[in-house]
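**Student:** Just add 12 to wherever you are in the sequence shown, counting from 1, and you've got my numbering.
Bear in mind the hints are in silico, worked out from the structure with no lab data behind them.
Model, not experiment: these values are computed from the prediction.
Hints are supplied without guarantee of correctness; some may be wrong.
[Unchecked claim] So the derived label-pair ranges between C-beta atoms look like this:
id, residue 1, residue 2, range
1, 324, 609, 43 to 53 Å
2, 570, 441, 34 to 44 Å
3, 462, 407, 30 to 40 Å
4, 306, 407, 38 to 48 Å
5, 450, 557, 17 to 27 Å
[Unchecked claim] The list that follows gives simulated cross-link-like pairs (lysine-lysine, DSSO-like), each with its CA atoms no further than 27 Å apart:
id, residue 1, residue 2
6, 102, 92
7, 472, 442
8, 335, 271
9, 175, 92
10, 546, 577
11, 270, 311
12, 546, 533
13, 442, 335
14, 54, 102
15, 238, 167
16, 167, 311
17, 175, 238
18, 303, 335
19, 430, 442
20, 533, 488
21, 488, 442
22, 568, 472
23, 335, 311
24, 270, 303
25, 410, 488
26, 430, 488
27, 335, 270
Ideal Cβ positions, reconstructed from N, Cα and C, are used throughout, including at glycine.
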Amino acid sequence: MSGSCDFVQLGASLEVIREHACDPGQFQLIPDPDHSGIRIEKSTSFMGHVLQFFTDVANLFPKIQLPCSSSGNFPNEEAKVRRTLRNVAKEFEKALVEMRATGSQYREALLRSSRSSTGPERKERANIFHIADTLHSLFPGKWRDLALDVAPLQKLFMAHISKPILQEPEMKTVAQFQRDHAMAAVEGILFQPFPMQSFSAIIHGEHLDAGQQEALNDWNRCLDEKRKLLTVGLLHLALWGVLEAILNENGETIAFAKKLASFEWELFRSYKSSGFRLFAEEDPDHLAWLKSLEGMGEKIIHLRGERLLLGNKVECAAFADQKVVVYNIEGDTSRQVMISLVNQVQLGLWQAACEEIAWGVVPPIRCLGLHPYGNFCLIERVHSSLTDSLSWLSSAAKVDQNDEPILRPIVDFLAAMKQEKVPPTSLLLKNFFLVRDTLTWFLRSFPLMEQMPTYPEEHKFRLVQQFELFAISCAKNNRFVFRHLIYESGFIDHPLVQLYREAMIDRLSGHEISEVEVLAKEGIVDDVITQQLKAFIDNFPEAQNRLYARLQPRLKDPALQSELKKAIVQELVAFQRDFGYCTIVHPRLLEDSHISIIENHLMGVEKYRGLFE
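Could you put the whole structure together from the sequences, leaning on the hints where they help?
**Tutor:** Spelled out as structure tokens, the structure:
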């Protein structure tokens with residue numbers, strides 16, 4: 013038990029122990045009869061049968077000294093297993109010492125390469141591979157959560173010797189070694205050292221000089237050429253190790269998750285057309301973890317030592333489109349869990365992008381915590397998407413007191429858009445969400461909402477109709493809610509709306525108008541707006557004629573026809589305005605029911621009563 017660790021035998025024993033721990037009924041553990049080493053076999057294997065045979069013989073003839081035993085004194089089966097497990101735990105302590113030393117040597121070589129063009133020696137990488145290959149049973153899930161990977165082992169060791177094989181410090185050593193192994197693997201696959209000087213400049217927010225840029229470009233081209241030989245998870249963990257080595261920090265994985273996301277976002281944003289396209293690809297290890305999670309009866313995950321029991325899945329088109337799934341958390345009314353359906357990099361990139369380029373008018377759903385490996389993140393609880401069936405209660409011009417707090421953030425968004433004159437990249441209702449903090453409602457977006465990079469000044473009036481349609485969709489056929497959104501946001505008095513209204517009055521008053529000339533007076537030269545204005549004013553003459561045909565026979569005096577026509581114009585303008593429509597004709601304007609509404613209202617207005625018999 014002295015000297016260097018026997019990694020091959022330790023790895024083989026750990027593999028057998030893990031299999032038994034995961035399924036205790038599958039086979040029994042058979043220790044080496046001399047019970048002084050770390051060798052352990054399956055009861056179902058050939059060597060297991062051989063060892064069991066010698067044990068049985070020795071128990072029958074305790075005074076016979078067998079070649080494979082150092083003593084004729086054989087304790088019971090449980091005692092033999094306990095002693096072997098203690099030996100395994102001691103041997104693993106040796107392994108940890110060698111893992112720390114080997115990883116440290118490799119990282120030192122990496123840092124040397126940040127000051128020169130040479131990378132780690134092949135021997136340094138080979139030592140890492142030897143340890144990782146023989147101890148693969150410790151982390152079979154690769155690039156996943158080590159605590160989950162070793163949970164069965166921990167339980168078995170605690171049951172037999174009341175001591176876990178990995179305490180918290182040892183867990184960090186193994187996790188660090190995983191990153192060392194990932195770095196060595198990526199270097200070996202690419203056959204090219206990391207451009208540490210370039211990475212260091214990016215991490216510290218420095219400008220890359222010509223040499224650093226060239227080195228990064230060369231590495232990126234190599235990554236692109238050999239991308240099919242890598243997985244997202246492997247590159248993700250390797251870059252984590254690189255970041256850790258450059259910052260010379262370790263231990264606190266939660267903080268590193270955010271730092272790593274920013275580093276990867278910078279690489280992805282600058283080089284998304286080449287090697288770092290890998291960040292958008294599916295990762296088999298992540299998908300395997302996701303499948304194992306979905307197969308659980310109770311879906312339990314952990315973050316920062318907190319146990320989270322997942323509840324029902326949140327159904328939303330925006331989540332499905334972005335290939336994420338969101339779960340409620342049992343007993344938690346303020347948070348939800350978002351899981352990537354692609355890889356363990358996606359959510360980190362999203363979080364970093366939110367901080368970098370999110371548009372402030374409607375911020376994205378807030379990320380409250382990112383899992384160290386990127387498997388999932390905590391988000392603020394979304395109440396619903398604007399496409400969901402919000403049950404508006406308003407049934408009068410003054411909106412219901414229960415609707416008003418929910419409508420307020422939507423009104424604020426529309427009002428801001430009236431001032432900004434620059435649209436976001438998306439106005440799809442499914443990408444807007446309502447969240448609530450105690451009694452206050454907020455509007456959030458997912459995916460990330462960015463400001464449209466370029467929007468010609470001459471096209472700014474096109475926004476009016478876009479946002480009017482947005483308000484119509486939000487109202488979900490509730491005319492009182494729609495009117496509230498348009499009036500409270502100020503769109504009803506937008507300069508373009510005033511222009512549309514004046515053009516409508518001119519047309520109904522019998523004046524020949526040119527849409528181009530009308531718009532030109534306000535400096536608007538836009539074919540789209542011209543066509544919209546023409547479509548708008550062309551809809552009203554028919555309603556005007558139908559109203560005149562119904563009301564003209566009731567006139568007291570034929571000489572009052574001009575007064576009637578003026579009254580009809582005023583009522584049509586008032587009807588359109590009162591319902592809140594700005595640049596879009598009220599969709600039911602020509603229906604008999606609405607013609608009747610306008611007719612009855614006009615006849616009931618005191619100043620018009622003198623027109624009729």
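**Student:** For every hint, state whether the structure bears it out.
**Tutor:** Results for each hint:
{"no.": "1", "hint": "324 - 609: 43 to 53 Å", "result": "45 Å, holds"}
{"no.": "2", "hint": "570 - 441: 34 to 44 Å", "result": "52 Å, violated"}
{"no.": "3", "hint": "462 - 407: 30 to 40 Å", "result": "38 Å, holds"}
{"no.": "4", "hint": "306 - 407: 38 to 48 Å", "result": "44 Å, holds"}
{"no.": "5", "hint": "450 - 557: 17 to 27 Å", "result": "55 Å, violated"}
{"no.": "6", "hint": "102 - 92", "result": "15 Å, holds"}
{"no.": "7", "hint": "472 - 442", "result": "24 Å, holds"}
{"no.": "8", "hint": "335 - 271", "result": "23 Å, holds"}
{"no.": "9", "hint": "175 - 92", "result": "16 Å, holds"}
{"no.": "10", "hint": "546 - 577", "result": "22 Å, holds"}
{"no.": "11", "hint": "270 - 311", "result": "25 Å, holds"}
{"no.": "12", "hint": "546 - 533", "result": "16 Å, holds"}
{"no.": "13", "hint": "442 - 335", "result": "14 Å, holds"}
{"no.": "14", "hint": "54 - 102", "result": "21 Å, holds"}
{"no.": "15", "hint": "238 - 167", "result": "40 Å, violated"}
{"no.": "16", "hint": "167 - 311", "result": "19 Å, holds"}
{"no.": "17", "hint": "175 - 238", "result": "44 Å, violated"}
{"no.": "18", "hint": "303 - 335", "result": "15 Å, holds"}
{"no.": "19", "hint": "430 - 442", "result": "21 Å, holds"}
{"no.": "20", "hint": "533 - 488", "result": "36 Å, violated"}
{"no.": "21", "hint": "488 - 442", "result": "13 Å, holds"}
{"no.": "22", "hint": "568 - 472", "result": "49 Å, violated"}
{"no.": "23", "hint": "335 - 311", "result": "19 Å, holds"}
{"no.": "24", "hint": "270 - 303", "result": "25 Å, holds"}
{"no.": "25", "hint": "410 - 488", "result": "17 Å, holds"}
{"no.": "26", "hint": "430 - 488", "result": "22 Å, holds"}
{"no.": "27", "hint": "335 - 270", "result": "21 Å, holds"}
Violated hints for the displayed structure, listed by number in ascending order: 2, 5, 15, 17, 20, 22.
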